[in-house]
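Chain by chain, the residues:
2 protein chains.
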Amino acid sequence: MTTARYDVVAIGNAIVDVLAQADDAFIAQEGMTKGSMQLMFSPEDADALYAKMGPGQEVSGGSAANTVAGIAALGGKCGFIGQVADDELGEIFAHDIRSLGIRFDTAARSGDPSTARCLIFVTPDGQRTMNTFLGASQFLPEAALDRELIADGAILYLEGYLWDPEEPRAAMRAAIEVARKAGRKVAFTLSDVFCISRHGDDFRRLIADGLIDILFANENELTALARIDDFDAAVAGIAPQVTTLVATRSEKGAIAVSHGETVSVPAEPIERVVDTTGAGDLFAAGFLHGQAQGMNLAKSLKLGAICAGEIISHVGARPQCDMKALITERLG
Amino acid sequence: MTTARYDVVAIGNAIVDVLAQADDAFIAQEGMTKGSMQLMFSPEDADALYAKMGPGQEVSGGSAANTVAGIAALGGKCGFIGQVADDELGEIFAHDIRSLGIRFDTAARSGDPSTARCLIFVTPDGQRTMNTFLGASQFLPEAALDRELIADGAILYLEGYLWDPEEPRAAMRAAIEVARKAGRKVAFTLSDVFCISRHGDDFRRLIADGLIDILFANENELTALARIDDFDAAVAGIAPQVTTLVATRSEKGAIAVSHGETVSVPAEPIERVVDTTGAGDLFAAGFLHGQAQGMNLAKSLKLGAICAGEIISHVGARPQCDMKALITERLG
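Going down the list, the sequences are from chains U and W.
Per numbering that gives the first Met the number 0: the first sequence = residues 0 to 331.
Per numbering that gives the first Met the number 0: the second sequence = residues 0 to 331.
No lab work stands behind these hints: they were computed from the structure.
A hint or two may mislead.
Where chains are identical, the list cannot tell them apart; a pair therefore holds if satisfied intra-copy or between any two copies.
[To be verified] Lysine to aspartate or glutamate pairs mimicking DMTMM-like chemistry, simulated, CA-CA at most 25 Å apart:
no.	residue 1	residue 2
1	LYS180	GLU90
2	LYS33	ASP321
3	LYS33	ASP212
4	LYS251	ASP85
5	LYS51	ASP321
6	LYS76	ASP212
7	LYS51	ASP104
8	LYS180	GLU250
9	LYS76	GLU141
Source: prediction; values computed, not measured.
All chains should be built: construct the whole structure from the sequences, respecting the hints.
Okay, structure coming up:
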């Protein structure tokens, strides 16, 4: 096994987020489940919802893409694989990720549909409710995988969201094989409860087959995966099947379990929760960067909490401050 | 003269801003003049500069468009006329302005060039340096003017930036005539010193001909227009030629002169200047809204200062808080 030239190579949705303020009444009126993600299957549905939205801010997003953006901001070396269309939003996504020094070579896809967008309604409590039009992103073909890049990443990071469409699912299965053959670690985030309700059996099999080294989940996802209501019991059921389990618990902090050792970290104190978009993605960024840098579990968790704290203190899921300086200040 | 159904109808560039952080060394290295606006004449130049830019945030912009966005956020009724292309950035611009309740009917232009974009580099001191690719915006034809809308606005507001390209200049001259015939007021912002160096004689003639009721300028623009180095002397030279002169002076506040009366307002105290993009635009929004609501000079100026203070406390030139609540709190 040669030394990996990249810390983390991620495969995920290539999305531009459109963020706007909304009140709780609007979320209820539109029949959305606050705090969750739902898919919009047609461009017409996406247009209709966009028309009801207030003035927006566009910021590159995508769960795994946010994570590698965070790692790059911390100084890590990353690659990203994801499908954009040959349009202006695709150019924005590609620009933003490349401008962070992240290798991104997936060729843009011609014709319809357009680049994925996620309409995100941010309520006064800072909670985000997401509505995603996957567009081109759901057509990432296995042929688009840069196998050399994957084999060259110490950790392959995959998002559960992308398990939903057929082509990327096949691509991710192939990517896991490439990473395994190259002796690399595979990290996976369960992304959202709806992913588990649709693909829980796939996820349980991947885990049981020992293909996942680092598993990220929040409380709801973990209990859904374990099919147990109690959080601690769910941890006890899943942890032994993976090398490292990381469970995030919003304002209650997070825990990591690895080789029988359990460590926990409180949430970082922040002045005001402005927008929780990307909290889990940036937690994963901090944790993975810590692991790639050889930090222990506790320090990796702390790094995750600091990154999540930064991201929820402003609008958008990509870091806006000098993350290296922030980490030096907070981590010591 | 019938009662106007709109408070302000504006004609301006229809631009999407791309904002990113940069340090002073970058501004110097690229030969930019910090705090100013420069035009990029080819899409290749725009692409080359974009490639050097860090990860961005996209927010609708355009000077006069920002102003009507501000007035709409304050509760005023506005219309906007400006040229976008038939592309994704054009859709974003149109969505954002319409979502504020602003009437915007200018048909999108097919084919190249694309919708205008402004690459804005924000330095650590919060100062913004702008690089604009005018794209479709410079092709606003006189035929696109909605003359009924213009005649239905109590104030027609024009930006000096748009005086540069030929077609919009002709359109604005026609619009002034429509507004005058309908007995409406005409407000004009000088926008930038480069506009005066190119079109100062036009501006001086418009003013001397009594076509401008409300003139907005910052210190540099006013002295350039008056061709006098001293600010007070420039005010004394220009003020008698317009009904109302509003001169903004950054952290020194602003003054207004009307019918021989001079009033001034200090800058609003704010915690931290994050991004000065849109400060002048939102000052104009507050002042014009005050005037449209029948407030006196001093109160209109104060409203301008509060709006400018809000906009420089965050990234982007469109209001992000509940402006009506802010005004109630600050103006009493």
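Note to self: Please list, smallest to largest, the hint numbers that this structure does not respect.
What the structure shows: 1, 3, 4, 8
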